[in-house]
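Trainee: Heads up: the sequence lines are chains A and B, in that order.
For the first sequence, my numbering begins at 1 and goes up steadily by one.
For the second sequence, my numbering begins at 1 and goes up steadily by one.
Keep in mind the hints are simulated off the structure, nothing from the lab.
One or more of the hints may lead you astray.
[Stated by the list, open to error] Across the chosen pairs, the derived CB separations fall in these ranges: (1) Asp240/A - Lys433/B: 49 to 59 Å; (2) Gln233/B - Val11/A: 41 to 51 Å; (3) Thr317/B - Tyr451/A: 45 to 55 Å; (4) Asn415/B - Thr166/A: 30 to 40 Å; (5) Lys22/A - Lys438/B: 51 to 61 Å.
Ideal placement from N, C-alpha and C gives every residue a C-beta, glycine not left out.
Number of protein chains: 2
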Amino acid sequence: MKNDKITTRDVDFAAWYTDVVKAAHLADYSSVKGCTIFEANGYALWERIQSILDGMFKEAGHQNVYMPVFIPESLLKKEGELINGFAPECAWITEGGNNKLEERLAFRPTSETLFSDYYSKTVKTYRDLPKLYNQWCSVVRWEKETRPFLRSREFLWQEGHTVHSTSDEAEMETHRMLDIYKRFFEEYLAIPVITGRKTEKEKFAGAEYTLTIEALMQNGISLQSGTSHYFGQKFSKAYDIKFINKNNEFEYCYQTSWGVSNRMIGALIMTHSDDRGLVLPPKIAPKQVVIVPIKNEENLISVCEKINESLLSKGITSYIDYSDKSAGFKFAEAEVNGIPVRIEVGPRDLANNEVTIVRRDTSEREVIKLNDVVNKTINDLDKMQEDMYNKALNNLKERTYDATTLEEVKDIMENKPGFVNAYWCGSEECELKMKEIKGTKSRCIVESKEYEHEKCIVCNKNAKHKVVWGIQY
Amino acid sequence: MKNDKITTRDVDFAAWYTDVVKAAHLADYSSVKGCTIFEANGYALWERIQSILDGMFKEAGHQNVYMPVFIPESLLKKEGELINGFAPECAWITEGGNNKLEERLAFRPTSETLFSDYYSKTVKTYRDLPKLYNQWCSVVRWEKETRPFLRSREFLWQEGHTVHSTSDEAEMETHRMLDIYKRFFEEYLAIPVITGRKTEKEKFAGAEYTLTIEALMQNGISLQSGTSHYFGQKFSKAYDIKFINKNNEFEYCYQTSWGVSNRMIGALIMTHSDDRGLVLPPKIAPKQVVIVPIKNEENLISVCEKINESLLSKGITSYIDYSDKSAGFKFAEAEVNGIPVRIEVGPRDLANNEVTIVRRDTSEREVIKLNDVVNKTINDLDKMQEDMYNKALNNLKERTYDATTLEEVKDIMENKPGFVNAYWCGSEECELKMKEIKGTKSRCIVESKEYEHEKCIVCNKNAKHKVVWGIQY
Chain A
1 MKNDKITTRD VDFAAWYTDV VKAAHLADYS SVKGCTIFEA NGYALWERIQ SILDGMFKEA
61 GHQNVYMPVF IPESLLKKEG ELINGFAPEC AWITEGGNNK LEERLAFRPT SETLFSDYYS
121 KTVKTYRDLP KLYNQWCSVV RWEKETRPFL RSREFLWQEG HTVHSTSDEA EMETHRMLDI
181 YKRFFEEYLA IPVITGRKTE KEKFAGAEYT LTIEALMQNG ISLQSGTSHY FGQKFSKAYD
241 IKFINKNNEF EYCYQTSWGV SNRMIGALIM THSDDRGLVL PPKIAPKQVV IVPIKNEENL
301 ISVCEKINES LLSKGITSYI DYSDKSAGFK FAEAEVNGIP VRIEVGPRDL ANNEVTIVRR
361 DTSEREVIKL NDVVNKTIND LDKMQEDMYN KALNNLKERT YDATTLEEVK DIMENKPGFV
421 NAYWCGSEEC ELKMKEIKGT KSRCIVESKE YEHEKCIVCN KNAKHKVVWG IQY
Chain B
1 MKNDKITTRD VDFAAWYTDV VKAAHLADYS SVKGCTIFEA NGYALWERIQ SILDGMFKEA
61 GHQNVYMPVF IPESLLKKEG ELINGFAPEC AWITEGGNNK LEERLAFRPT SETLFSDYYS
121 KTVKTYRDLP KLYNQWCSVV RWEKETRPFL RSREFLWQEG HTVHSTSDEA EMETHRMLDI
181 YKRFFEEYLA IPVITGRKTE KEKFAGAEYT LTIEALMQNG ISLQSGTSHY FGQKFSKAYD
241 IKFINKNNEF EYCYQTSWGV SNRMIGALIM THSDDRGLVL PPKIAPKQVV IVPIKNEENL
301 ISVCEKINES LLSKGITSYI DYSDKSAGFK FAEAEVNGIP VRIEVGPRDL ANNEVTIVRR
361 DTSEREVIKL NDVVNKTIND LDKMQEDMYN KALNNLKERT YDATTLEEVK DIMENKPGFV
421 NAYWCGSEEC ELKMKEIKGT KSRCIVESKE YEHEKCIVCN KNAKHKVVWG IQY
């Protein structure tokens with residue numbers, strides 16, 4: 001059923017996106033410029049994401065902490081590259097309790113500085129290491145253009161900050177966290193991602209290198225979805241984080257940081273949703289099944305309640321829509337909100353001991369025996385998770401290209417954009433040349449070596465890297 | 001065992017408190033004035049509190065949302081009493097991304113304004129009501145003196161904000177949430193509380209009235225621990241939140257808000273802990289049982305692992321201390337960190353098929369048969385929860401007094417402070433007179449009526465209220 005509050009994707013993808021966000025009550029604009037309100041449905045999705053990821057972090061040995069939201073300017077400035085990267089985006093607190101502050105405070109844009117300051121006081125010997133800390137919080141970056149979940153002045157995220165006694169261990173951590181992100185995206189969000197290293201230009205300010213997971217939206221635009229940074233000793237030297245190593249000598253620590261944000265909700269929408277509203281992978285949907293009595297009759301409701309109990313007892317998050325709206329209205333509402341499976345209980349079906357089950361992603365309707373409803377629902381949820389991943393994977397495969405000339409890239413990006421594999425010499429000049437083609441940027445370096453035959457797609461000099469390129473959100 | 005990092009309570013209660021906070025790695029001071037770092041142990045406690053309370057809220061029908069952290073000054077000013085109450089405590093953002101802002105933004109000190117602004121846009125008819133929303137976030141109030149968990153510039157809390165179509169329903173909600181807080185304090189934190197209404201002077205800025213739960217610390221100082229506010233139509237008139245009622249007329253909504261903060265961790269410490277460190281009620285302890293192999297021997301460790309598995313399978317959060325420290329060190333560490341039950345597995349006991357079990361609150365040691373370890377642990381945890389509540393209740397009873405003269409109050413507050421029941425005429429003058437006695441303030445009004453014989457403890461005029469008074473943190 002077409003939802004008349006939602007622009008269709010072929011007419012205007014950007015308008016479709018914000019229409020879905022609003023129609024599914026995920027977020028609303030606030031009276032505060034550049035900040036969005038997480039409405040109940042949107043925040044429930046964030047809680048679901050948070051609880052799964054948090055479990056994965058804890059299983060990997062991480063603990064949560066909470067650092068102050070304020071960073072004194074002098075503390076922020078200790079690591080030069082970081083402040084250069086973030087100063088233009090900081091929000092500054094300059095007054096507190098009717099007094100002008102002696103030193104202005106930044107609202108945390110990211111917390112490397114605070115964690116480093118804390119580690120410098122608490123890490124003494126190799127026995128204290130590693131420290132594997134994470135925090136869930138909001139951060140502020142003074143963006144000019146904002147879009148719900150994709151770019152806003154305040155956003156919710158997690159930031160892991162770890163400190164190690166050897167570079168090997170820290171580098172392993174950087175890769176391990178990237179793997180966790182990849183696994184979470186693929187297994188739970190049903191979003192296939194590619195992984196690689198950011199170029200010097202695109203890496204995190206202050207990092208030795210940045211690893212990234214990159215996803216491809218259904219319209220072929222790519223989205224940087226999670227990053228994991230290796231800092232080496234950059235921060236430990238700037239913030240004086242020393243430990244006594246096993247040889248009884250002072251040594252600077254090795255650090256990492258890694259983060260994903262509420263942007264994941266944007267990725268979910270743009271990967272899976274359709275012109276009728278939100279489509280959610282069952283494993284991440286806060287509510288997996290809605291049961292709708294077609295009429296407000298006692299015998300129908302009692303069947304709904306039995307089904308609901310059976311599903312809940314199997315760990316499926318189902319609910320009954322008891323509201324006094326029409327059945328059609330309830331169907332439409334469940335549809336726009338992306339409830340994966342809908343079970344309709346009507347008098348005609350019930351006369352044959354049957355109910356109707358409808359999958360949100362395919363709209364497939366099936367009339368099934370009442371006895372089969374639990375098994376069928378479980379199967380549908382599993383199948384839907386798998387199908388949604390495969391559909392996204394097919395889109396990614398279809399939109400992944402090899403190119404050796406700028407004309408090819410231009411042709412791809414103008415007609416059916418996606419990920420383009422192309423070789424690159426490593427110069428920023430050539431990187432910027434690519435950007436002239438509809439803003440195409442390097443997504444990640446997937447291989448680096450001394451190639452014998454491969455040439456840079458821009459300057460035709462010897463290539464040093466194989467890079468995936470794409471137009472970014 | 002005395003912990004030499006901890007000042008004893010009889011020497012200096014305030015120093016004891018901060019020593020426990022630091023020794024148990026709950027919090028650390030940061031480089032940001034007035035802000036504390038939640039260390040891993042402290043944040044784990046907050047997560048435990050949060051998950052239980054959040055479950056109670058959701059069971060009661062609440063949903064979580066997230067409002068922006070910034071409040072434009074003009075929006076904050078719409079309700080006059082609120083801004084008068086909070087303006088002197090606000091932190092102000094005046095610069096963003098290298099530019100001076102046209103209007104300064106407050107860091108949320110509380111979010112009535114943002115919720116009201118949101119409700120004014122989204123509530124249309126009585127069918128949209130009630131809205132039962134809550135958010136978990138940090139807030140900032142520019143306090144001068146700060147103490148970890150009790151008073152700090154940034155703190156973590158939850159704030160519920162609900163909107164209703166009748167005053168009755170909103171008042172019921174105000175009371176219902178107070179009951180939930182009381183239940184949480186008594187059942188989980190093992191802290192008995194008294195409840196009542198705040199005086200006009202002590203109520204929340206902008207509220208019609210404020211209900212409160214008040215706890216008594218072991219030294220007799222009282223702590224305001226949670227508040228629930230009834231707003232009537234004050235905010236709905238200021239922020240224009242109208243709905244069409246069942247008679248098809250426009251009507252202003254009725255609102256509530258309610259909150260508890262990380263101050264609960266302070267209450268936990270000051271109610272239950274001792275000179276050896278933290279003591280935690282088992283229901284709130286992130287880790288309930290530590291199993292310590294007395295020596296690093298394979299047969300001991302394999303017994304530890306069997307015990308651990310049995311406990312985990314019963315839903316008890318136990319862990320084995322595998323570290324290469326001495327057994328004595330491990331005992332002391334578990335003690336200072338407040339692990340409720342310790343199981344020691346040593347070669348001598350094990351030769352008799354026995355282990356030793358030690359309760360943190362009483363230090364009771366018992367040698368028990370290996371077969372009994374799971375049952376005994378469960379019993380100890382249950383008993384400890386109950387005993388800790390009763391111990392705190394006894395302290396509260398012992399320190400609850402009736403007084404009819406200021407001399408009596410003075411005597412009580414100087415010698416063995418606590419809660420004092422005394423009648424009051426209702427004038428602010430008399431309230432301030434009480435304050436001259438070591439800062440004694442009204443905690444809450446527990447009864448109001450036209451008394452025949454009772455007189456105000458200060459001015460001796462006819463009393464209007466029975467009030468509990470106390471010295472506050």
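Trainee: Output the indices of the hints that this structure fails to meet, ascending.
Mentor: When the structure is compared with the hints, only number 4 turns out to be violated.
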